[in-house]
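These are the residues of each chain, in order.
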Amino acid sequence: MTVTGSAPGAARSTQESAPVVTLPGLALCFLQIALSSFGGGLSAWTQRIVVERRRWLDNQQFLTAVTISRLFPGPNQVNMAIFVGQHFRGLPGAVAALVGLLGVPLAILLTLGWAYFHYHTVPELRATLSGVVAAAAGMALSMGFKLIGNYLTQPVALLFAVAAFAGVSVFHFSLPLVVLVLAPLAMAWYWPRGELPPAREVH
Amino acid sequence: MSDGAGSLLTVAAVFASLSLVSIGGGNTVLPEIHRAAVQREQWMTDQQFADIYAISEAAPGPSSMISSLVGYKAAGLAGALVAIVSILGPSSLLMYVACLTWERFRTAKWRIAFERGLAPVSLGLLFSSGVTVVRSSDHTAVAYAITIVVMVLLVRSKISPLLVMAGAGVLGALGLVG
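Protein sequences appear in the order of chains A and B.
Residue numbers are given in the working numbering: position 167 of the first sequence equals residue 167, and the series is strictly consecutive.
Residue numbers are given in the working numbering: position 102 of the second sequence equals residue 102, and the series is strictly consecutive.
Fair warning: there could be bad hints in the mix.
Distance ranges between label pairs, derived from CB positions [claimed, not checked]: (1) A:52 to B:6: 18 to 28 Å; (2) B:101 to A:118: 27 to 37 Å; (3) B:17 to A:18: 19 to 29 Å; (4) A:149 to B:140: 24 to 34 Å; (5) B:32 to A:91: 22 to 32 Å; (6) A:153 to B:109: 16 to 26 Å; (7) A:149 to B:105: 19 to 29 Å; (8) A:188 to B:42: 46 to 56 Å; (9) B:170 to A:119: 22 to 32 Å; (10) B:89 to A:114: 17 to 27 Å.
If you're looking for bench data, these hints aren't it; they were derived computationally from the structure.
Even for Gly, the Cβ is constructed at its ideal location relative to N, Cα and C.
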């Protein structure tokens, strides 16, 4: 596959091999995420497919994207698809990622809904679902342990992680409030000081 | 479904009004969708709503796609499409504009600080989501056991999650979880 001409990703690839992401590639990627997520666990699948398998984003980019997606209105995964699609291919990319994420699932769901409303069959879903949902919960938890990696040796980063977790899960503050309090503190701590600008940004 | 255009407009109004308030995922507006579909517009019964909720949870894709089934019951296939476009359109546009802004400040110091600083905060929040899912889904000892085994398997081994999910589904279908 040779990419020539004025593909936006091509100019950058000389210094840092930016992944070449095509529109069909985006659609297929999010279709794969959607189809993998029977019973839930979309975020974990996104991490697995976008970060681990395709290496389109690194862990830090993924973590930031997840929280931005959650802070804005709309389903997290839809926002995540827009983020990834836009990041690589602008508006067409965002649309391609959305079509990939929603197209086939919508067709499946409407078929199931049609069968339900016309034949009044309650598919034997609930029992099966109880098992799948318990597994999806395990998958959601596994994602945190996979991403914790280098942070284990960074006490301040761990402190921020524990504070965020405790804020939401122990003290039951709302997510926007927790981010509003912790993000400025974290930004102050991680503010770039006296570093050379990244080489690849020279224009 | 006699007044086609009228009910399509109602579907659009119901879901578009919920789009920008659906912060934190589709489940936050679920009670509101329920109120509109069952009580206010009387598109379906309580039992039907519970059933399509189970169907949309089991089907792939984001959980807010339950909107399409509500729209389908209210106004047919066109209703389904109107519902999904109405609930996703406004929030998606906003997210897109936010992404454009985010890209524009790629080299800004605040963005570098935000990306570095938000990552550990996000990590903690991911654990919170996991715990929330566990609290809402696991009510039996077997369910907790499945959650823990799946978690350890996925962290420690390269096993395909699909296989794990299928296994858990079989346990559920056999009535061992519920």
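Structure-based check of all given hints:
1. A:52 to B:6: 18 to 28 Å: 49 Å, violated
2. B:101 to A:118: 27 to 37 Å: 46 Å, violated
3. B:17 to A:18: 19 to 29 Å: 40 Å, violated
4. A:149 to B:140: 24 to 34 Å: 33 Å, holds
5. B:32 to A:91: 22 to 32 Å: 30 Å Cβ-Cβ, so the 22 to 32 Å window holds.
6. A:153 to B:109: 16 to 26 Å: With a Cβ separation near 25 Å, residue 153 of chain A and residue 109 of chain B satisfy 16 to 26 Å, so the hint holds.
7. A:149 to B:105: 19 to 29 Å: 27 Å, holds
8. A:188 to B:42: 46 to 56 Å: 53 Å Cβ-Cβ, so the 46 to 56 Å window holds.
9. B:170 to A:119: 22 to 32 Å: 25 Å, holds
10. B:89 to A:114: 17 to 27 Å: 24 Å, holds
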